[in-house]
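Chemist: Taking the hints into account, I'd like the entire structure generated from these sequences.
As a plain string of letters, each chain reads:
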Amino acid sequence: MRNFLIAVFLCWLIIVLAIRHDDQASAGIAKDDVNAGGKTEVVFWHAMGGPLGIVMTDLVERYNKSQNNYFIKSVNMGSYDTLAKKVLASLVANEAPDISQNYETLTKKFIKHNKIVCLDDLIASETEDIKSDIIPVLLDNNTFDGKLYSFPFNKSVPVLYYNKDIFRKVGLDPEQPPRTLDDMVKYCRLITDYHKNTPGADRSVYGYGCSKANVWSFLNRILQYGGKIVSDDGHKSHFADQPSINALAYLQNMLQEGIAREGQGFDHQNDFIAGKCAIIESSIVSKVFMEGSIEFDFGVAPLPGYILNPGAELTTDGSEINRGVILSGSNINIFNNGDPKKIAGAWDFVKWFTSTEIGAEWSVRTTYLPVRKSSLQSSIIQDAIAKDPNIGAPYVQLEYCHFEPRLSVWFEVRDLMADHLENATLRMIPAKDICDQMAKDVDAILKHVTN
Amino acid sequence: MANKRKQDWAAYLYLMPVVVILVIFHVLPIFYSLAVSFYEWDLIGAPEFVGVHNYQRLFDDPMFYKSLMNTLYYAALSVPLSIISSLAIALLLNNPISAIGLYRTVYFIPVITSINAVAIVWNFIYHPDFGLLNKILDIFSINAQTWLQDPFWAMPCIIFMSVWKGLGYNVIIFLAGLQNIPKHLYEAARIDGASRWQQFRHITWPLLSPTTFFIFTISVIGSFQVFSQVYMMTPRGGPLKSTMVVVYYLYRKAFEQFEFGYALSMAFVLFMIIFACTLFNKLYLEKKVHYS
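Top to bottom, those sequences are chains A and B.
Residues in the first sequence are numbered consecutively from 2, following the numbering used here.
Residues in the second sequence are numbered consecutively from 948, following the numbering used here.
Hints in this document: simulated from the structure, not taken from any laboratory.
Since we're looking at a predicted model, the values are computed, not measured.
Examples of chain A residues lying across from chain B (beta carbon under 7 Å, computed):
1) K86
2) L89
3) L92
4) V93
5) K110
6) H114
7) Q265
8) F412
9) E413
A few chain A residues facing chain B, derived, Cβ under 10 Å:
10) A85
11) K113
12) K116
13) A214
14) G264
15) V410
16) D420
17) L427
Output of the computed footprint for chain A on chain B, the stretches with three or more beta carbons under 8 Å from beta carbons of chain A:
18) 1177-1187
19) 1200-1211
The beta-carbon is built from N, C-alpha and C at its ideal position, and this holds for glycine as well.
Modeler: This is the structure in structure tokens:
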């Protein structure tokens, strides 16, 4: 018995050492660069993991080689969640990084307590007119009381992923993804019914999949139905309005009919990859995580919209379709750590990273939106779209892109909304009742917001 | 006398490392947190003194009540279940059967496995579509459930997994307790014609009571602090907040909504509850314990 255990232990040890050796070999390149060698070291905390992290590391290394003044030390914190916690803890300990990715809610807190640098001051010394080249919605998203305090960095939009093979099989045109919400219901019904009624077909295939209690998706749909999220002063929500009720009822009806399913976390993506679900709504960034495992022909399309004035015939350009999507992802903050050299280095890196060429490359490789209009027009992005049309879907949505309210209590509100949305589809309570209650509960929080 | 003092000094010296660690990492943070619970603080700005406002807010917070009830539910189910099942297994493992070392190891493996890894595996087991549990139920033609996504089942699922995870620890302690019971008592009882149940009822149970008391006290404290499995298995506190327990709620308030003062007031109320429970155990239940 003892000899056997020793043998098992030795095997385990050998495997562990072998794996460790492998890791060290692949980390070897990064290790050589750790030495800043007289350059000003600028610490950059981010949350880009997996395929995104590879691109990030590559670009940071290229920046470090491209000039001799600054050395960017990038640290992956694993997730946005961990990143936010680490940043807060580092602020308390007076050891904040020089740059980090952050959401708008935190940026507002940082501004209030003078923790970050106002970027207008840095842009002022530039010869190039950077601000006029930033995509308008991204500029607005980062402007607080008229001043630019954070810089757009890795912003994404939701898109529709659809299985072209299933479209072909059921007789739909694979190059015509649903353009309106009503189209999508019809498509999903057709796909689900086909698989239920055709002998030999996989009966478990269904039309539309999304994640449970999905606030993002709900907010997108409110915009598509022509609604608003909160009032301009931020003290009242619009969740009791008809567009919100429609947005919720839309999902409830699809679920009740059995042509859509909700999953936990990334279940819907897994179902899509497995060919069980024909259409899903997800962030465009999911593409880089999914595409390696997808073994069928798939398309990426803008989210469908809604025709606000019924009766009008659908024209080919689709101009009467009311569309709307909401940005996701984070921005970048430069912390006010008191060392002008580090701040200059941080800004130099941000400027380089979001420049026309590098921004376009970042966008093509990660699917995040570029920051500059000139990146969009650059040959890098245009060539990439020509090669893979699926890349183009996020860019066309920029025209009608919005962002979520940047209120200090927005995380709390979102959490509360998720509870109501969960209740709505779990118990199938009428959409109007849920929306009324949601509006009441959210307004109770918003009423006291001072911002 | 001088020798005695020297011995005292030696004892203090030996105690010092652990005392220093306890003071720095436990005692000081406890008092610091108590102080912060009277402030409003998001870590970024300066803390703002608000008196007992955080505690008042707590009594009006329906989610705090819900999380408290969920915690009590967890404790009320997991503690007895854990004690009964680990005692049963300990009694079995106390028999001289072959490969006993293997069985004892197998029951102890979950204890030393990281709770996060265990939670991920159990997430697979409970998965509504591909989960092992539904596949097994399917063999017996029992309808599939959505388990962790069902407001009724989510908590029992977490309780079951937690009991399984902690089983080995309690089993080892029970085994130690069982082996302390003198063998001659059983021999005497057998000669008098006592049945197995009578032996258990009148020898094992009373003589094991110090062990049972210890496990009970530790389990109650542990169950009020349940967090990891909830965090790992039911993001956002489960369907309709059915697995939202106090520690998870205060974690969310502190680290996701950055209300540290409020979260700490919650932590202190929880501390007082655990303290009261333990005091009750000590003063009332311990009287029933039979120390040989």
